[in-house]
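So you can see what is in the structure, the chains are spelled out below.
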Amino acid sequence: MLNYALRRLLITIPILILSTFLTFGFVSSSGDPLADLRQQPNITQEQIQRVREMRGLDDPFPVQYLRWVEQIPQGGFGEYLISPRPIWPDLQRVMGNTLQLVVAAELIAFAIAVTLGAVSAKKQYSVFDYSTTTLSFLGFSMPSFWFALLLQVGVVIIYRWTGYRIFPIANLSSPNPGTGMAFWLDRAHHLVLPIASLAIFSIASYSRYMRASMLEVMSSDYIRTARAKGLSERKITTRHMMRNALIPTVTVAALSFGTLISGAIVIETVFGLDGMGRYFINVIGRRDPYPIMAWLVIVGFFLMLANLLADLLYGYLDPRIRYE
Amino acid sequence: MSEPSQPDERPKAQDVPVRTGLGGADIVTDDAGLHRADDSGEAPEYHDGTQIVARSQWQLFRRRFFRHKLAMGSMLFLLIITLAAFNAERVAPYGFNEIDVVMRSTPPTFEGWHLFGTDQLGRDYFSRVIYGTRVSLQVAVVVAIISTLIGTTLGAVAGYYRGWVDAILMRFADLIIIVPLLAVLLIFAAFFGQGQPMRIGVIIALLSWPSLARIVRGVFLSLREKEYVQAARAAGAGDLRIMFRHMLPNTMGPILVNMTLVLAAAILLEATLAFLGLGVNPPTPALGLLINAGRSSMLTSWWLIIMPGLTIVAIALAINFVGDGLRDALDPTQQEK
Numbered sequence: 001m002l003n004y005a006l007r008r009l010l011i012t013i014p015i016l017i018l019s020t021f022l023t024f025g026f027v028s029s030s031g032d033p034l035a036d037l038r039q040q041p042n043i044t045q046e047q048i049q050r051v052r053e054m055r056g057l058d059d060p061f062p063v064q065y066l067r068w069v070e071q072i073p074q075g076g077f078g079e080y081l082i083s084p085r086p087i088w089p090d091l092q093r094v095m096g097n098t099l100q101l102v103v104a105a106e107l108i109a110f111a112i113a114v115t116l117g118a119v120s121a122k123k124q125y126s127v128f129d130y131s132t133t134t135l136s137f138l139g140f141s142m143p144s145f146w147f148a149l150l151l152q153v154g155v156v157i158i159y160r161w162t163g164y165r166i167f168p169i170a171n172l173s174s175p176n177p178g179t180g181m182a183f184w185l186d187r188a189h190h191l192v193l194p195i196a197s198l199a200i201f202s203i204a205s206y207s208r209y210m211r212a213s214m215l216e217v218m219s220s221d222y223i224r225t226a227r228a229k230g231l232s233e234r235k236i237t238t239r240h241m242m243r244n245a246l247i248p249t250v251t252v253a254a255l256s257f258g259t260l261i262s263g264a265i266v267i268e269t270v271f272g273l274d275g276m277g278r279y280f281i282n283v284i285g286r287r288d289p290y291p292i293m294a295w296l297v298i299v300g301f302f303l304m305l306a307n308l309l310a311d312l313l314y315g316y317l318d319p320r321i322r323y324e
Numbered sequence: 001m002s003e004p005s006q007p008d009e010r011p012k013a014q015d016v017p018v019r020t021g022l023g024g025a026d027i028v029t030d031d032a033g034l035h036r037a038d039d040s041g042e043a044p045e046y047h048d049g050t051q052i053v054a055r056s057q058w059q060l061f062r063r064r065f066f067r068h069k070l071a072m073g074s075m076l077f078l079l080i081i082t083l084a085a086f087n088a089e090r091v092a093p094y095g096f097n098e099i100d101v102v103m104r105s106t107p108p109t110f111e112g113w114h115l116f117g118t119d120q121l122g123r124d125y126f127s128r129v130i131y132g133t134r135v136s137l138q139v140a141v142v143v144a145i146i147s148t149l150i151g152t153t154l155g156a157v158a159g160y161y162r163g164w165v166d167a168i169l170m171r172f173a174d175l176i177i178i179v180p181l182l183a184v185l186l187i188f189a190a191f192f193g194q195g196q197p198m199r200i201g202v203i204i205a206l207l208s209w210p211s212l213a214r215i216v217r218g219v220f221l222s223l224r225e226k227e228y229v230q231a232a233r234a235a236g237a238g239d240l241r242i243m244f245r246h247m248l249p250n251t252m253g254p255i256l257v258n259m260t261l262v263l264a265a266a267i268l269l270e271a272t273l274a275f276l277g278l279g280v281n282p283p284t285p286a287l288g289l290l291i292n293a294g295r296s297s298m299l300t301s302w303w304l305i306i307m308p309g310l311t312i313v314a315i316a317l318a319i320n321f322v323g324d325g326l327r328d329a330l331d332p333t334q335q336e337k
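Residue numbers (the working numbering), protein chains in the order written: chain B, 1 to 324; chain A, 1 to 337.
Simulated from the structure, these hints should not be mistaken for lab results.
Hints are not guaranteed to be accurate.
Claimed, not checked - Not everything, but these chain B residues come out facing chain A in the computed CB check (under 10 Å):
no.: 1; residue: Asp32
no.: 2; residue: Leu34
no.: 3; residue: Trp146
no.: 4; residue: Trp161
no.: 5; residue: Tyr164
no.: 6; residue: Ile166
no.: 7; residue: Ala170
Quick caveat, the model's predicted, so the values are computed rather than measured.
Glycine included, C-beta positions come from ideal geometry on N, C-alpha and C.
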C-alpha cells in the first residue's frame, strides 16, 4: 500500500509538470498583461518598456516558460508584475485558510450526504426519502452565494430579536483570537456559515449518488447471501451495503474537489475571508498573470492530491482493487 | 389510465399478437379509445373486452413524460417565464432603468405594480428581474446548444472509433472536468473582457461539454456492437451515417437529460459570474448583478436580494424537475402507475 502510494506520487510529477505547461500556455496566451498599464495616463512608454525588458516579455515562449518554471522547485513563484514583492508568502497564508474551509466542508458534506443517501435508500419511497429528494433538488438549484447572503441576513435578524450573535458573518477570526485551543474554537465559530454555504451543493449532489448506488447494491446477490447466512441487518447495512455503495460516491467527491474550490472563490468573497478565492479575485482584477499562474498550479496540485486520496480509499473499500 | 378491475383476467403479454416489435404492449379497456396509439389502426379485441395497443418507444416515452405532473407544471412555468422574458419590453411595467421618483426603496406592493419592490433610486425590480431573466436564459440556451453539439460529437467520435482518438479525447475531457470551472471562466472574463450573453455563453459552453461527451461515449461503446449497426455497415453505410442516423437517435434520452442539467448549471454559473461583477456587461441587469447591487442594503431592503434570488432558484428548480421527468420517462423499468 505504501509502495503504491509512493509510486502514485511519483506519477504525479510528470502530470504536475504538464499542468505547469498548460497553465503557462493558457494564461500567457490570454492577453497582454501590460494592457492596463498602457491605459494609465501617468505611466510613460519608457516605463512600460522597462517592465517588458525586466520580465523578459519579448522572449520566445519556451524561454519565458523555462524561466518561470525554474523558480517553482526553489520554493517560489517569483514576484508580482509591477511591485517587486514575492508571491509565495501571500499564497502560503491564504492557502492554509482555504484548505481549512474546503477540507472541512468536503468532510462534513460527505458525512452528511452518505448518511442521508443511505437512509433514504433503505427507506425508499418513505416521507424521509421524499423530503431529502426535494431538499436536494433545492440544493442543486440554489446559487451558493445567495444562500450565504440569506444566512447572513438570518443571523442579523436573530441578533436584532434576541441581542445574541450566534455566528460571525465575516472574517476568519475575531480581532483578538487568542492562542492554542481558543484560537481554533474561534476559527471554527467563524467558519460555520461559510462551511454551511459551501457544503450545501455538495450534500445535495453526493447524497443523490449515494442513494442511487445504495439502491443498486441493495438488490445484488451478495446481500441476499449475507441475509441468508444470518447476519444482522445492521451489519449488512454498514459492512456490506454502505461499504460497496461508497465507491462511486468517493469518485464523485474526489472529482468535485474543483467545484469546491470554485465555490470557495464565491463564498470567501461573500464572507470576506482571507483565502485563496478572494486572493484570486484580487489578482484577476489586477490582471497580473504571475500570481494567477501560481494559483492555478497550487490548485492543480491539490486536485491531484484529492485524486490520489480517492484512489487509496478505493483500495480500502474494495480490497479487490489491487495496487499493482 | 383506467385499468381493468380484475387484474387476473388480463391476458398475458406473451399470449398476445403484438403489432410492432419495437415497443411494449399496453392493455387498455375498450371504452378508453383515447389511449389508442395513433398508428395502431384497429386493435385486436379479447373476450373480456380488453384491447392490446402497441406503442413505439417514443410513444411510451411521450406518454410517461406528459403524465409527469411536476415536469409538465415546470414546463408550463418555464414557457411562461421564457415568453415573458423575451417580450420584456411589452410585459415589464417599467423600463429596466426607468425611475419612479415617488416610490424609492419600496417593498413589494401592488401600488404602481412594483411587485418585487424598488431600489434606492426607485427602479422597479420586477421589471429589472424580467430583463435579467432574459439575459440568464440567453446565456443558458447558448450554453446548452453549443455544449450539447460539442459533447455529442466528441463523445460519438470517441465511442465509435475507440483507440487513440478515444484516449486523447477522454483525457482532455477529464482535464476539463477536474479544473475549477469558475476560476477558468474568471480568467477568460478578465482578459478577454466581459461581453454580450452570446460571448459568455460560448465561453461557458467550451468548458461544460465533457460530462455529456463521457455519457455519449459510453452509450456509443455499447451500441456499436449491436446487430443493427453491423447490419447498417453490411449494407454499406458510411461511418458518419451509422453514427448520426442509426446510433444517435438511440442516444437522445441521455442527451436530453444532460441538456437540462447543463441548462440549470449554466443559469447558476452565469448568476455567479454576474454576482462577482464579471458577467454580462453592466447596463443589462443580469440576475446575479441585481443580487450584488442589493447586497449593500440587504438588511433594510430584503426584497432586493430575495426576489432575484428566488427567480434564479425557481428557474433552476423547474429545469431540474423537467430533467427528472425526462429521466423517469426514459427509464424502461419505470412502471405506469
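A quick look at each hint next to the structure:
Taking 10 Å as the C-beta cut-off, the interface hint given for B/Asp32 holds, the closest approach to chain A being about 9 Å. Because the beta carbon of B/Leu34 sits about 12 Å from the nearest beta carbon in chain A, more than 10 Å, this interface hint is broken. Against a cut-off of 10 Å between C-beta atoms, the interface hint on B/Trp146 holds, since the closest Cβ of chain A lies about 4 Å away. Taking 10 Å as the C-beta contact cut-off toward chain A, the hint placing B/Trp161 at the interface is violated, the least distance being around 13 Å.
Below 10 Å, beta-carbon pairs count as interface contacts, and B/Tyr164 has none with chain A, the closest being about 17 Å; its hint is therefore violated. Below 10 Å, beta-carbon pairs count as interface contacts, and B/Ile166 has none with chain A, the closest being about 16 Å; its hint is therefore violated. Hint on B/Ala170 is violated. Least Cβ distance to chain A is approximately 12 Å, over the 10 Å limit.
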